[in-house]
Amino acid sequence: MPGSTLLHIDGVEKRFGGFVAVDGLSLEVKAGEFFALLGPSGCGKTTLLRMLAGFETPDCGRILLDGTDIAGVLPHRRPVNMMFQSYALFPHLNVSDNIAFGLKRAGMARDEIATRVAEMIALGRLEGLERRKPNQLSGGQQQRVALARALALRPRLLLLDEPLGALDKKLRDSTQRELMDLQRRLGTSFIIVTHDQDEAMTMADRIGVMNHGRLVQVATPRQLYEQPASRWVAEFVGDVNIFEGRIERREDQRLVIACHNTGAIVAAAPRQSLAGEAVCVAIRPEKMKLSRQGPAEAAIQAGAINRLEGTVSNLGYLGDISSYGIALDAGATLRVSVTNTARVDVDDFRPGERVVVWFEPDDCVVLDP
Amino acid sequence: MSTRQLFTRPARRAAIAPYLWMVLFFLLPFAFVAKIALSQSALAQPPYLPTFDLTAGWEALKAAAATLSLDNFRLIFSDELYANSYLRSLLVAATSTTLLLLLGYPVAYAIARLPERWQPIAMVLVIIPFWTSFLIRVYAWINILQHDGLLNQVLMALHVISAPLVWLSTDSAMYIGIIYSYLPFMILPLYASLAKLQPSLLEAAQDLGASPAKSFWLVTFPLSLPGVGAGVLLCFIPIVGEFVIPDLLAGSGDMMIGQTLWLEFFANKDWPLAAAIAVMLLGILLVPLLVYEHIQRRQLEGKQ
Amino acid sequence: MAGRAQPGLSRFNVTALALGLGFLYLPIVILVIYSFNASRLVTVWGGWSLRWYVEFFNDQAMLAASWMSLRVAAASATAATVLGTLAAIALSRGARFKGRTLFSGMLYAPLVMPEVITGLSLLLLFVAINVERGFWTVTVAHTTLTMCFVTVVVQSRLNSLDRSLEEAAMDLGCSPVRAFLSASLPLIAPSIAAGWMLAFTLSLDDLVIASFTTGPGSATLPIRIYSEIRLGVKPEVNAICTLFIGLITLLIVSASLASKISSARGDNAARA
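Chains as they are written, first to last, in my numbering: chain A, 1 to 369; chain B, 370 to 673; chain C, 674 to 945.
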């Protein structure tokens, strides 16, 4: 698993005219790590990646690779390679020549190049396609050529710009697993840029969430989902119900929060400190439970279970789960998702039906509003 | 800094040779045209005075410069022959451009509506005649329009006319020649703007209740205006200065300005007057030229 | 064929297309047919014959003019291709630089400038600097005109290229210049070839500028043809024109094949 620090980004800033694309950003990536930069379009993630590749020079800050500052080094002199979103395969060169392109520039001996190309062909499962031109390949094959070409120089760090963006969903899923296997096998550090959170969650060891040129949270996928650092992250990653309110009183390990349109909610006290009394409570839809009768009395007695009553307003059947929209009597609307564990005799709820929603205090995340 | 900027310095160096070339062989010659337009015609080699002799010293140069005058321009303004020539050129260019637009638009429109794989083939068919010599195209019409040419033969065989008509050396022949030669220049930009038009826009217009004719006027035509503008300028400006077509097809009466210039230069050997005519012509054409340049730049900037 | 519904051609469209293409081709077809006419009278059909072709190949003056035209066209097209490609690179990759507006203005103006002006101004330059007029002056004049066309053709191709190809080349170890040469140049090569052919035919075509800039004894083919047809239709000219059209058609077909290859590559570059 990840060991020593490979890449150290220190206070890097990049402006385009008046627009601040990357705003004093610092980050460390370890050797052998699979790191994802996730964020909405225009958040600066691609600019950051292009600075790592050398296509943009930071206005200030340092980019240390193995302790050497490469911020001003030109792309062709960096031990870093990039897989382009458009793949950027040279249309006039066949698969082998595309893969050999960088090796030739590096002045490698001819037989060595042949060996390395064969190795990369095998790695990308491209056997039999060596003489094809890029336009004679399928999208998935082009993607694998682009990957093989970028890996041929055995870079310390591979940058991937939306590498699966052009593939259809089925192919994307299998390619994700291939990429992960490959990365573990080679031990190369990968930094991937994506706007697709499922992709980032599936593949990455750690994810850096970016917004407005800053990293708003760097965490493992699980931490990111279960312990979002801010309301913005909670809403950006996955579905979430957010209730705004004020802290009414503090019990040990617990907060009682008076929410505007749900009534009081008991939540586990957060580890981080809060800015003030005004807070919001975030609860993931699958953490809530739904039934006609509500929880057993004993359960309510045992702990402070939050219990809300309302009416089903709509439902969406998604196969593995069903997603219910609930209009609470107190005024809030929320989403609850229920896993469809059985195929028949399913107890599903109809629009208009009265239901009870309940959840544990530990499933609530209290954040600054 | 971005790596894209790394390309700019070598790219700018690439400009040096073509830049010098164009300054030397396109810009600089206009200085000579301007100077000679202010000179006097003379029986000499070269046939104008004064000639600046840089070895003769400063005083001689000053004396030579003093003899420069606006006489040629006074002549152009005072002699009706030249004014008529300019007017006829503008009139012929305006008429031909209008006819070209009326004829070229339906063709370009039809090509833009062809199935996509046929469109490039149709465009190559339109362009091929543009690649064959100007002269050949005009000459081909002489074949057809002459007294016992094909047009008269066909018309007589169809009993439309009983005796051969005079076609050659008339304005009709000249207009046919101009339209024939410039039609591809009109169709090309028209097609370029019509082909960019998405069929869904027309479908949307019709879905919203516009008849096909209405949706043409409300959607297609306004969106094709850049092509109309480019086509009009691409035709109008060169036609104003046209020489070959009126010389070979039109009658020997009124002359277009290109012919007048040619005549003064080659027949009358009055180089200064020819140069003055060119300067005036350039002045007249500068307006649409600048408009054209402006449109070109705006399109380029739009693309970036 | 296509998934997208074609708007379809109305009867009006078909008529416009047929008449338009008929108008463009009929005169040329007639000219070609009459070049094989055995009769001396141009309008009387006297059966098929190669008589006028034989006449052309025995006409020393015409042959000399043709040779002059071909040499001028080859030389000026080559120079124009080099200069025009450099200009296109500068305009497409040079961003904004001092004098760029003047530069692009000088390159666009000759596209529409009446030939009498271009021809006259170049002649006056040649006279003023006192060079002997002939092959070289015509070549320089044609280079000036045709390099602008080359610039337009190559520049539009350069602007449509995917810049990430150059970046990929740099990422894989190329210096910027090397990246341009190895990633972009092969893709614009067909456009450069098409530019050369365009320049070649434009030069072969030109009467006006050549008339101004050539000297005594070095007439080009169009100058010869012009002086012939001023006096009326000559069957021999029909034969020359047919040969000319044949040559140019050959060039166009190869040019369009080249650009088809280029755009096939380009489609891929855009899609990939």
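Bear in mind the hints are in silico, worked out from the structure with no lab data behind them. Some hints could be false.
If you want a taste of the chain C side facing chain A, the calculated C-beta under 7 angstroms gives, among others [what the hints assert, rightly or not]:
#1 Phe685
#2 Asp835
#3 Ser837
#4 Met843
#5 Asp844
#6 Leu845
#7 Gly846
#8 Ala856
#9 Gly905
Glycine included, each C-beta is placed from N, C-alpha and C at the ideal position.
Hints, one by one, checked against the model:
| no. | hint | verdict |
| --- | --- | --- |
| 1 | Phe685 | violated, 38 angstroms |
| 2 | Asp835 | holds, 6 angstroms |
| 3 | Ser837 | holds, 4 angstroms |
| 4 | Met843 | holds, 4 angstroms |
| 5 | Asp844 | holds, 5 angstroms |
| 6 | Leu845 | holds, 3 angstroms |
| 7 | Gly846 | holds, 3 angstroms |
| 8 | Ala856 | holds, 6 angstroms |
| 9 | Gly905 | violated, 53 angstroms |
Comparing the model with each earlier hint shows violations of hints 1, 9; every other hint is respected.
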